[in-house]
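Q: Taken in order, these protein sequences are the chains called A and B.
No gaps in the numbering here: position 220 of the first sequence is 219 in numbering that gives the first Met the number 0, and each next residue is one more.
No gaps in the numbering here: position 260 of the second sequence is 259 in numbering that gives the first Met the number 0, and each next residue is one more.
By construction, these hints were calculated from the structure, which means they are not laboratory data.
This one's a predicted model, so the numbers in the text were calculated from it and none came from an experiment.
Treat the hints with care, as some may be off.
[Said to hold, decoys possible] Straight-line distance between alpha carbons at most 20 angstroms, and here's what the computed EDC-like set of lysine to aspartate or glutamate pairs gives: (1) B:Lys542 with B:Glu468; (2) B:Lys40 with A:Asp166; (3) B:Lys40 with A:Glu68; (4) A:Lys198 with B:Glu496; (5) B:Lys29 with A:Glu63; (6) B:Lys488 with B:Asp514; (7) A:Lys40 with B:Glu785; (8) B:Lys175 with A:Asp108; (9) B:Lys764 with A:Glu63; (10) B:Lys37 with A:Glu16; (11) A:Lys40 with B:Glu739; (12) A:Lys176 with B:Glu785; (13) B:Lys731 with A:Glu68; (14) A:Lys175 with B:Glu36.
One letter stands for each residue in the lines below.
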Amino acid sequence: MANDNSTNRKAILVTPEACIGCRACQVACKSWNQLPSISTKNNGTYQNPPDLASAAFNIIQYNEVPSQENPVRWLFVSRRCMHCEEAGCMTICPSGALYRTAEGAVAYDRDKCIGCKLCVTACPFDVPRYDADNKVTKCHLCTDRIVAGMLPACVKTCPTSALKFGDRDELISNAKKEGYTTIYGEKDLSGLGSIYAFKEEPKLYGMKENPAIPSSVVFWHTYLKPLSLIGLGGVVAAAAIHYLAIGPHKEKEEV
Amino acid sequence: MTNHWIDLKNADVILVMGSNPASNHPISMKWIMRAREKGAKLVCVDPRFTQTAAKADLYAPLRSGTDIAFLGGMINYILEKDLYFKEYVVNYTNAAFLVNPDYKGPADLDGLFSGFNAEKKNYDKKSWSFQLEESGVAMKDPTLQDPNCVFQLLKKHYSRYTVEKVVDITGTPEDKLLAVYEIFGSTGKPDRVGTECYAMGWTQHTVGTQNIRAMTIIQVLLGNMGMAGGGINAMRGEANVQGSTDYGLLFHILPGYNPTPVASQPDLATYIDKNTPKTKEPRSVNWWSNRNKYITSYLKAIYGEAATKDNDFGYSWLPKIDVGQNASWLMIFDKMFKGDFEGFFAWGQNPACSGANSNKTRQAMTKLKWLVNVNLFDNETGSFWRGPGMNPKDIQTEVFMLPCCSSMEKQGSIANSGRMAQWRYKAVDPIGQSMPDAEIINELYFKVKELYKKEGGAYPDPIVNLSWEYGDCDAAGKVKHLDIPTVAKEINGTFLEDVYDKTATPPKLIGKKGDLVTSFPSLQADGSTSCGNWIYCNSYILKDGKEVNMMARRGKDDPTGLGLYPGWAWAWPVNRRIIYNRASVDPQGQPWDPKRPILKWDAEKKAWAGDVPDGPAPPMGTDGKFPFIMKPDGVASIFGPGLVEGPFPEHYEALECPVEVNAMSKQRINPTIKIFGDKMDAFFSCDARYPFVGTTYRVSEHWQTGCMTRHCSWLLEMQPQNFVELSFELAKDLKLSNGETVIVSSGRGEVKAVALVSERFKPFKISNTTVHQVGLPWHFGWQFPEDGSGYDSANLLTPNVGDANTMIPESKAFMVNVRKA
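Just chain A, same shape as in the assembly (with noise of 0.2 angstroms):
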């Protein structure tokens, strides 16, 4: 869907210099949304969960990279769903179960999920993942809460504003006056609903260069998903498309 009303978009901007890598997002998050534990190891790093998983919607980031100044820099980064413009997940989702909200967020429909992991590879970012029920679980921006007027949760409870809600152009045009030269996100796939504030090359900060939704999504998308729906059950054509646009399933492992 082309966003209408791009005014009104929000958007979550995150801005990793004035992250200290407290994770009290990741807490907050798993409070609100009621996200079970993880059983997890100590894998040599303070990140924890390693990865996004289906109960956790959103993870710091821990990079060292090497710096002339001091032994090292410790960058700390926010991940979760990107809030694409341009949804992967939502283009290639047979089943209407990713959808886009009114302010902007790409929420989930549990009931409408078949379970079919199609927006597992049609993500640029990697985000979906399922839950136990096979259902789609990511970040929602918080929606149940916005709607409501309060804060993402994860924003609400971020001691340093690096993490920051509001309408989308004015978060940007407010991080450029504060001298973030580069808005991550600010055109990437028309626009992202989750933005980044750089002084420096986002890519320092392990951000993905270029992000595109694989051209075969797009293609199976507007050939093939509209021709399969009409004659096959959602599940059959997604599994269809699934072979045809990205070939078999493997399963991903969660930690």
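Got chain A; can you put chain B on it based on the hints?
A: Using the frame of chain A, we list chain B on its own:
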């Protein structure tokens, strides 16, 4: 904190040394980052590259346990480069005071001060005194030139802390060291302010108190004390730990920092005489001269009508410590280990994991007949008898678990690091059989009282005479439920009769019988007022005939724009947000820094505007009073004879250290520390078996021994296991890879940990040798998670040796080994 959390935003330079606020005090970082947005510089000095270091404008590493060398070098730098704030130093400190010519320091005595008794390991402090005028006031040289003046002695003492020597001791790269000195030294100008944030990284050393003393000397040299954006700020490790010291939770103080009576003070008059500082300086407020009012009102609060003038207000019922007795944590567990105790209440604590040398603590508990564990959860303490290395059959200790409820399940006040007491309301009812601590105490009190009444006992008076009017009683006379606001009012204090100001003619009524006392200047020494804790007097007041809980206020106005928010909750004393604030103005009462005017004297109205001033007297330049009202001389003590190891901080190595000699002197360790002698008290310096410096710390995700947080699976998910951080260099030497499980050992125990190998730790160059340092959090314990996957407490490694003044254990610098599991 001399200042408060929000005030961090007012600083130009924030020195974080001895703490890691980004991880352990995240909310403070909100204000530190605000300061940075306005151009302030964040400087982080730490053995490891912490989360705070990651946000800092300048990071300098130092070897654990060498802070005094680092800070001593800074004092030397400030003096050599003439960066100190002269007017402040001359007027507001004892820099000009002339010291007894018999005083000698480490420069003369190779690491010792005059008066050392090698046998007793203590000092005769006679020579650590000032030369007095006939009037009894200290002699002064305002030109600061006299060779015996504090300023010159300071110079002499710290001229030994050359950059070369400091680098040799601390391992800090010279350019980083100088950069820190330069940037912090820049705050000696009246319109530049620097603050310091410390926590256990400074206190948990055998020289912990002197670490902080060294910084206070820097802060008064630079004129940063009393200023908005300045001060020296202890970041408390728990939301209410400020409250716990305010209320005398430590052995040596009663509520309101009144000293615990000693056996040699048999009556109230002697107690007051011994504990009231005297001064001949007419312009010193010497606030502690009010001791008699505070202790008498305290006795009236706890013993009520039973406290009369005839019985010394019940003074004899107060417990006394023996002369010279230290009854702190390490001593208690040493005594317990020796079998001197029958029983132990472990109330809201987990000594089996929190105490240094936990193996000794755990063994000590096997000597008890009974142990009562009051906690939210069972823990390593309540279950010590089935812990690692224990044979339950051999242990006779009977353990009782009293489940208490969490802070969300009761109302009351907490006092945060900024001395702000905030009222909290009960959110939910307690679960199951758990009860608020106060209710448990209530039950205990009436049972014990009943037994005393029935059976007599050795000394029933202190218990049976307690005033306990906290709510409605049942038929047996027991208070059914404690009314917490009533307790708060008792703490604030009450007029027990009509009290008049007798200096006025005719005498003026100060307070009516039965009314709440408005503030502590109204407290009396004759038993006509009660007050449970004088510093909290004014926290529950009578306003327009109504009782107002000041701590429950939620006003959001900030009239000064400096973040004082005087209408939000209440801060002791009398809602003062920055203490020593009279030092923020010049002798005429005008702000040193007009951009940050915390106080301002209006000569016409003869009144102060801004924060609540440190006493209403006019500024010292207008025939008023000196600014440091709690000090007998009225000024800040650069020369401070109060501590046991010397009037100036001197660098000594940790008890366990990696160097054979102290590069400063031949005195390697603090000469006044207490060393325990059992084989369980082992320590090893420069021993090949324990070649690496170890330290402990906390992480955001857990709290203290983890008793509460390990039971929260969301937190455990982020930090599931004990870990040890080390450098790539050390990992290579030991052939360890990142993420592998290792064993960390010390002379006292060992613990498993996951190796975190990173650039955040780097080896130090100390006296041309390489010294490796490692660090572990102390949040884990064997009892939970139940599968033991979290491993055990890092305090199995730490030494039970304490700071010579406070006996806080040296958990931040000790020696360990690391090996493959």
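Q: Does each hint hold? Answer for all of them.
A: Outcome of the hint check:
With a CA separation close to 23 angstroms, the supplied pair Lys542 of chain B and Glu468 of chain B exceeds the 20 angstroms bound. Distance hint between Lys40 of chain B and Asp166 of chain A is unfulfilled; the C-alpha atoms sit about 31 angstroms from each other, more than 20 angstroms. A distance of roughly 16 angstroms separates the Cα atoms of Lys40 of chain B and Glu68 of chain A; the hinted pair therefore holds under the 20 angstroms criterion. Taken as a hint, the Lys198 of chain A and Glu496 of chain B pair is broken in the structure, with Cα atoms around 68 angstroms apart against an allowance of 20 angstroms.
At most 20 angstroms may separate the alpha-carbon atoms for a hinted pair to count; Lys29 of chain B and Glu63 of chain A exceed this at roughly 23 angstroms. For the suggested pair Lys488 of chain B and Asp514 of chain B, the alpha carbons sit about 10 angstroms apart, so the restraint of at most 20 angstroms is met. Between the alpha carbons of Lys40 of chain A and Glu785 of chain B the distance comes to roughly 15 angstroms, so the proposed pair stays at or under 20 angstroms and holds. Note on Lys175 of chain B and Asp108 of chain A: the hinted pairing is violated, with a Cα-Cα distance of about 55 angstroms set against a maximum of 20 angstroms.
Restraint check for Lys764 of chain B and Glu63 of chain A: the C-alpha separation of about 24 angstroms exceeds 20 angstroms, so the hint is violated. Between Lys37 of chain B and Glu16 of chain A, the direct Cα distance comes to roughly 15 angstroms. Compliance with the 20 angstroms bound is thereby established for this hinted pair. Between Lys40 of chain A and Glu739 of chain B, the direct Cα distance comes to roughly 11 angstroms. Compliance with the 20 angstroms bound is thereby established for this hinted pair. Taking the CA atoms of Lys176 of chain A and Glu785 of chain B, the gap is about 52 angstroms. The hint is violated against a cut of 20 angstroms.
Note on Lys731 of chain B and Glu68 of chain A: the hinted pairing is violated, with a Cα-Cα distance of about 23 angstroms set against a maximum of 20 angstroms. Taking the CA atoms of Lys175 of chain A and Glu36 of chain B, the gap is about 14 angstroms. The hint holds against a cut of 20 angstroms.
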